[in-house]
Amino acid sequence: MTTVPSELDTRFREAAAEAGLLDVAYDVVESPLGELFVGVSDRGLCVISYEVDPDLQAERLARGFGSRVLRSPQPVAGVARQLDEYFEGERKRFELEVDLRLARDFGRTVLEELGRVPFGEVTTYGALAARAGKPKAARAVGTIMNRNPVPIVLPCHRVVGANGSLVGYAGGLERKQALLRLEGALLV
Amino acid sequence: MEPVRIPPFETFYGEHKDPVFAHLRRLLGHGAEDAFQETFLRALRAYPELRHGRHLRAWVFMIATRVAIDETRKQKPRGALPEIAVEDGLPPHAELGPLTDELPPKERAAVVLRYGFDLPYDEIAAALGSSEDAARQAASSGVRRLRERSKQS
Numbered sequence: 001m002t003t004v005p006s007e008l009d010t011r012f013r014e015a016a017a018e019a020g021l022l023d024v025a026y027d028v029v030e031s032p033l034g035e036l037f038v039g040v041s042d043r044g045l046c047v048i049s050y051e052v053d054p055d056l057q058a059e060r061l062a063r064g065f066g067s068r069v070l071r072s073p074q075p076v077a078g079v080a081r082q083l084d085e086y087f088e089g090e091r092k093r094f095e096l097e098v099d100l101r102l103a104r105d106f107g108r109t110v111l112e113e114l115g116r117v118p119f120g121e122v123t124t125y126g127a128l129a130a131r132a133g134k135p136k137a138a139r140a141v142g143t144i145m146n147r148n149p150v151p152i153v154l155p156c157h158r159v160v161g162a163n164g165s166l167v168g169y170a171g172g173l174e175r176k177q178a179l180l181r182l183e184g185a186l187l188v
Numbered sequence: 001m002e003p004v005r006i007p008p009f010e011t012f013y014g015e016h017k018d019p020v021f022a023h024l025r026r027l028l029g030h031g032a033e034d035a036f037q038e039t040f041l042r043a044l045r046a047y048p049e050l051r052h053g054r055h056l057r058a059w060v061f062m063i064a065t066r067v068a069i070d071e072t073r074k075q076k077p078r079g080a081l082p083e084i085a086v087e088d089g090l091p092p093h094a095e096l097g098p099l100t101d102e103l104p105p106k107e108r109a110a111v112v113l114r115y116g117f118d119l120p121y122d123e124i125a126a127a128l129g130s131s132e133d134a135a136r137q138a139a140s141s142g143v144r145r146l147r148e149r150s151k152q153s
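First to last, the protein sequences are chains A and B.
The numbering of the first sequence is this note's numbering, which starts it at 1 and goes up by one.
The numbering of the second sequence is this note's numbering, which starts it at 1 and goes up by one.
Calculated from the structure, these hints are not laboratory results.
Since this is a predicted model, take the numbers as computed values, not measurements.
Watch out, some of these pointers could steer you wrong.
[Unchecked claim] For each label pair, taking beta carbons as the anchor points, the in silico distance ranges come out as:
hint	chain 1	residue 1	chain 2	residue 2	range
1	B	57	A	102	30 to 40 Å
2	B	105	A	32	50 to 60 Å
3	A	78	B	53	53 to 63 Å
4	B	51	A	101	16 to 26 Å
5	B	57	A	164	55 to 65 Å
6	A	15	B	18	16 to 26 Å
7	A	136	B	54	24 to 34 Å
8	A	34	B	74	46 to 56 Å
9	A	14	B	105	28 to 38 Å
The beta-carbon is built from N, C-alpha and C at its ideal position, and this holds for glycine as well.
My request is simple: use the sequences and hints to build the entire structure.
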């Protein structure tokens, strides 16, 4: 059976992105926390996920951003580089456009506030709720953190319980701990 | 009928890239590489216009066949000096490309695949996404149309 030579496959994936024909270009990249699924739209970074099953993710992205979802490493390379630098301790702030078009109203406000929590610091769900204008919405903020489309870059790992407990993390508490340790926000 | 959802392009591409490449290889030989890329770029451009996910294989084979016809026409040397001792001259599909310009697309594809590339009707049917009978009919009505046109001119 004739199969497409891999360099031809690569060439097509590059050409598709270069022609600006993709709703989302994605790739799976390595990190010290395991593989990450990373997707980029024409407006910027739109997904980082610890769940790397490409079929599942492609379906989700197609529903949210449009059906032209294709694995194409080149558009994702800039994000991958900044993530590498972050994990190597060489980057404290991400300089990336983030596509939050699927987040609405309070959810969006909270994610935007989250982006202002600096490297190496932690805040609480309640404090973040207050900064987004609804001091009593700590629980809702918890849900929004859990659905954060771009963890690490929007640092939901820096949000902890009022008593200092880690509470939860979509990628698992071990990853939350590892990120806080990397940033020097956890001493143990 | 329940509309069939359109899959993410990655899924569509993954399912059809090998058969489309094989199809283009049969039509074009080593010219298949460029035609492959052009086929899927065209599919990508048209993808948002699709209203359902039925017949995607026939759809992409149709695009590939059109791309192959265009490629064939490009390859036809213009104004080249006739070479000595070339038995067949241009390959038949190169002659048929321009000749069939004005046929309806399906008839054109059927005529070119049958008489230019010498494909059997079951493969033409697969390429056009129709039955073997329909492929046969498209080719013969294409030929009839060409005959009538040549009588008129």
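I'd like to know which numbered hints this structure contradicts. Please list them from smallest to largest.
Checked against the structure, the hints that fail are numbers 3 and 7, while the rest are satisfied.
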